[in-house]
Amino acid sequence: MTQEIIVRNRPGKVEQDLQTANAEQNYLIDQDQLPLHCPLPDMYLWNSHPKVFLPIQATGTAKCPYCGTNYSLASDETS
1 MTQEIIVRNR PGKVEQDLQT ANAEQNYLID QDQLPLHCPL PDMYLWNSHP
51 KVFLPIQATG TAKCPYCGTN YSLASDETS
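Take the sequence shown: its position 28, counted from the start at 1, is 28 in my numbering, and no numbers get skipped.
Note that these hints are calculated values from the structure, not bench results. Keep in mind that the hints are not guaranteed to be accurate.
[Stated by the list, open to error] Here are the in silico distance ranges between beta carbons for each label pair: (1) T2 x E24: 13 to 23 Å; (2) T2 x P35: 12 to 22 Å; (3) Q25 x Q3: 13 to 23 Å; (4) Y27 x P50: 15 to 25 Å; (5) D32 x K63: 18 to 28 Å; (6) P65 x Q31: 22 to 32 Å; (7) Q25 x T59: 45 to 55 Å; (8) S75 x E4: 16 to 26 Å; (9) E4 x Q31: 39 to 49 Å; (10) T2 x Q25: 43 to 53 Å.
Built from N, CA and C at the ideal position, the CB exists for glycine as well.
With these hints in hand, go ahead and build the complete structure from the sequences.
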């Protein structure tokens with residue numbers, strides 16, 4: 001019996017520089033980044049926690065329950 005190996009591709013290209021996941025504790029999020037999830041799409045995922053979607057639209061702020069990173073939604077005036 002052979003075992004099938006599944007390889008998960010990461011977003012972006014191999015030569016693309018991605019951010020270290022959860023390197024900062026505060027992020028300002030634009031409307032075009034919604035729906036919000038932690039870690040963000042431009043971060044490495046291999047050494048981070050599972051992807052979790054965060055409801056930021058109602059209050060304008062969200063905190064990741066895994067890593068404690070704070071996210072703030074940019075208003076139209078600040079973006």
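We went through each hint and held it up to the structure:
no.: 1; hint: T2 x E24: 13 to 23 Å; verdict: 44 Å, violated
no.: 2; hint: T2 x P35: 12 to 22 Å; verdict: 39 Å, violated
no.: 3; hint: Q25 x Q3: 13 to 23 Å; verdict: 40 Å, violated
no.: 4; hint: Y27 x P50: 15 to 25 Å; verdict: 18 Å, holds
no.: 5; hint: D32 x K63: 18 to 28 Å; verdict: 21 Å, holds
no.: 6; hint: P65 x Q31: 22 to 32 Å; verdict: 23 Å, holds
no.: 7; hint: Q25 x T59: 45 to 55 Å; verdict: 18 Å, violated
no.: 8; hint: S75 x E4: 16 to 26 Å; verdict: 48 Å, violated
no.: 9; hint: E4 x Q31: 39 to 49 Å; verdict: 41 Å, holds
no.: 10; hint: T2 x Q25: 43 to 53 Å; verdict: 45 Å, holds
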